[in-house]
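Chemist: When the letters of the sequence shown are read in order and numbered with my numbering, they come out as residues 8 to 291.
Some clues are possibly wrong.
In silico DSSO-like pairs for lysine-lysine, Cα to Cα no more than 30 angstroms straight-line [said to hold, decoys possible]:
1) K201 / K47
2) K248 / K47
3) K135 / K185
4) K227 / K120
5) K185 / K239
6) K135 / K120
7) K239 / K201
8) K227 / K185
9) K135 / K248
10) K120 / K47
Just so you know, these hints were derived from the structure itself, not from any lab.
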Amino acid sequence: MNSPVTPADDRVLRLHIEGVEHLGGDVRLGAFIDKLAALKAALAEAEHMVSPQSGHHVDFRVSELSHSSPAMVGLTPFTDSSEVVPWAVVDTFLGFIDQVRRRRAAASSENAKLVSQLRRLVAGVGEKFERLWLDGTNLRPIPLDAELASALDDALPDIRHEFGSVTGTVRMYSGVAKQPYFRIFPPLDGVEIKCVFSQSLLADAAEAVERNAIVEGHLKYYEGDLWPHEVKVRAIRVLPKNDELPTLTSLLGAAPNATGELSAAEFVRGMRNGWRDAQEGASE
Numbered sequence: 008m009n010s011p012v013t014p015a016d017d018r019v020l021r022l023h024i025e026g027v028e029h030l031g032g033d034v035r036l037g038a039f040i041d042k043l044a045a046l047k048a049a050l051a052e053a054e055h056m057v058s059p060q061s062g063h064h065v066d067f068r069v070s071e072l073s074h075s076s077p078a079m080v081g082l083t084p085f086t087d088s089s090e091v092v093p094w095a096v097v098d099t100f101l102g103f104i105d106q107v108r109r110r111r112a113a114a115s116s117e118n119a120k121l122v123s124q125l126r127r128l129v130a131g132v133g134e135k136f137e138r139l140w141l142d143g144t145n146l147r148p149i150p151l152d153a154e155l156a157s158a159l160d161d162a163l164p165d166i167r168h169e170f171g172s173v174t175g176t177v178r179m180y181s182g183v184a185k186q187p188y189f190r191i192f193p194p195l196d197g198v199e200i201k202c203v204f205s206q207s208l209l210a211d212a213a214e215a216v217e218r219n220a221i222v223e224g225h226l227k228y229y230e231g232d233l234w235p236h237e238v239k240v241r242a243i244r245v246l247p248k249n250d251e252l253p254t255l256t257s258l259l260g261a262a263p264n265a266t267g268e269l270s271a272a273e274f275v276r277g278m279r280n281g282w283r284d285a286q287e288g289a290s291e
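Take the sequences, apply the hints, and build the full model.
Modeler: This is the structure in structure tokens:
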């Protein structure tokens, strides 16, 4: 097994969370976990911007930690891959936040996932926490505040709604969250669609995992995209496996009177002749 490469430098990205006053400045455990999860997901989306085809290779170690109010977590990126420079992910992440705050980030589907995770990160200011900010080595404080939340809302592309269906392979199933979901992968590289469903469809969704299926429901598209990014599922139809499909041999005799008094060979020959006559008539 390859050992993680030593970080290119010892810079640290720090997230600070100042809790609410009635808890003495402390942060609830659930809120703390939510913020770390949102930060982790946002950094993963930033890596995708840096290297869309390489997958996720950059990880973060907790290099600093303080529980006193405000709580602080310091992160240092590292990787065992030569395809991505670890700190480039952080630079892209911070650069995008700066673009959003300056209202210069394009409202496009390419940025939408990162915007969504950043909205999760800043959500709850004044309720779950008093202040939230980023800083780090040679990095001035970056407030994650209501002003940034408003700018993030503007950075999301418009959404159009349709009713329809998508077909693909069902994977990444989660039936235990408040909003159960799975992801469906159509037969096109780089496309995955989140499918949220109700508890009444739990059994159907579980049966569909690692199967090809048709998912019907309320489709949400980012404006200008050909594929939806999310489906609110109404029905799931699991398609047969390849070994469950009928073979030519199994169809033998399935329609014994289809050719009338003609043999199969005569029936096919007649169809060919009819097609040839029609072509010749059209060319005259």
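Chemist: Each of the hints needs a verdict: does it hold here or not?
Modeler: Results of checking the hints against the structure:
1. Of the pairs offered as hints, the one joining K201 and K47 holds, with about 19 angstroms between alpha carbons and a cut-off of 30 angstroms not exceeded.
2. Taking the CA atoms of K248 and K47, the gap is near 37 angstroms; set against the 30 angstroms cutoff, the hint is violated.
3. Of the pairs offered as hints, the one joining K135 and K185 holds, with about 19 angstroms between alpha carbons and a cut-off of 30 angstroms not exceeded.
4. Distance check on the hinted pair: K227 and K120 sit about 14 angstroms apart at the alpha-carbon level, within 30 angstroms; holds.
5. A distance of roughly 14 angstroms separates the Cα atoms of K185 and K239; the hinted pair therefore holds under the 30 angstroms criterion.
6. Between K135 and K120, the direct Cα distance comes to roughly 23 angstroms. Compliance with the 30 angstroms bound is thereby established for this hinted pair.
7. In summary, the hint linking K239 to K201 is supported, as the alpha carbons are separated by about 9 angstroms, within the 30 angstroms threshold.
8. Taking the CA atoms of K227 and K185, the gap is near 20 angstroms; set against the 30 angstroms cutoff, the hint holds.
9. Between K135 and K248 the CA atoms are separated by roughly 48 angstroms; this puts the pair beyond 30 angstroms, and the hint is violated.
10. At roughly 13 angstroms between alpha-carbon atoms, K120 and K47 fall within 30 angstroms of each other, so this suggested pair holds.
Consistency with the previously given hints fails for numbers 2, 9, ordered from lowest to highest.
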